[in-house]
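*Asks:* Sequence:
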Amino acid sequence: MITVDTTVKEIKNDRVLKKIAHYLIYNTAEDGTEHLSDESRTLRDIQDKTPTWSAKDMAYGLNCIIENGGDGKELLFDVYGEAEIAKCPEKEHVKLIYFPPRGERNRQKRFVILAAGGGYGAVCSLGEAFPVAARLSEMGMPVFCLNYRVAGKEPLFPKPMEDLSAAYRFLKDHEDQFDIDARHYAVGGFSAGGHLAACWGLKGLGYAKYGYPAAEILMLDYPLISVWRTIHPLPAQLQQIMLAGYFGTGYSEEICRPYNIDEMADQDYPPVFMIQAEDDNVVPIWNTGEFADRLEELGVSSRYEHPKTGGHGFGLGTETEAEGWTDRAVAFWDELMKEKMV
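FYI, the numbering for the sequence shown is 7 to 348, going by my numbering.
Calculated directly from the structure, the hints in this document are not laboratory data. Incorrect hints may appear among the rest.
Said to hold, decoys possible - Taking lysine-lysine and the DSSO-like style, the derived pairs with C-alpha atoms no more than 27 Å apart in a straight line are:
1) 15 with 25
2) 79 with 115
3) 24 with 62
4) 15 with 178
5) 209 with 97
6) 178 with 97
Construct the entire structure; sequences and hints are all you get.
*Replies:* Next up, the structure:
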């Protein structure tokens, strides 16, 4: 059993977890991230380094994975096929980590895709997506945590958006295997992953571009909404690293515009549950506040929570003012479906 005092080495050596160890916190470095490079670190130590990542929540998510895979059940799936990976090797690490439903199933066979954050330079599923997936699976929903491509030598965008589309395609093609209905789904994300999830609601970057049905709800947790207005004012070196990483050295406000969710959302944007702490010191709170106002102007159904404290990266939010947000998001989803049936 994983506890807050379990070391990174013990986690990586676990019979089940070693299969997904590369995707606990994914980036393109061979030695992993600074959080995991010292294998003597415990989950408690990781929380000390990143206080919003609850050691208890991380242990909760990992124990759920262990229980799910204890009978040899496959939990890690390639999003792209062999031919696609051969043509573009960087797609090899685009994966789905599967959390089977553990509670009573909804008859609509709905499911959730989650994308952790990391500034598009990493995918931090350990602290964000895995604990939330564990909770949602307890509520009877299959959950798939997406490991998407992150920044490297070439401009990144729109690769993560392509990966999300490919993940949906994979799940649609395997409805029977996972006992899901591709018409009934949610997409959720955290920070940069929240931006990715929000992009899925845009016709130019998301569902409509690929000919898929819209998500029934987007669950956006402290998401980046306005890329240009958030990043451009940063110190020049950091601004250049981020925007050049996303768009290439020729970046401009015009090139960035299609990725500004607040500018590109329209009246057909999917319903949204959104939460961000007012003391977030990474993504300015106006991102969600202004987007909530914009959704109201568009007539898009939404719920917006902004607890005073919680910081950035709280994931499941246990023992914070955000605690229970997953249950409230699903309750809102339930309400939306009831309204649809009337």
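*Asks:* Please go over all the hints and tell whether each is borne out by the structure.
*Replies:* Here's how the hints hold up against the structure:
Under the criterion of a C-alpha separation no larger than 27 Å, the hint pairing residue 15 with residue 25 is consistent with the structure, at around 13 Å. At most 27 Å may separate the alpha-carbon atoms for a hinted pair to count; residue 79 and residue 115 meet this at roughly 20 Å. Proximity of residue 24 to residue 62 is assessed by CA-CA distance (about 20 Å); at most 27 Å being required, the pair is judged to hold. This hinted pair does not check out: residue 15 and residue 178 have alpha carbons roughly 36 Å apart, beyond 27 Å.
Simply put, residue 209 and residue 97 have alpha-carbon atoms about 24 Å apart, close enough for the 27 Å limit, and the pair holds. Note on residue 178 and residue 97: the hinted pairing holds, with a Cα-Cα distance of about 19 Å set against a maximum of 27 Å.
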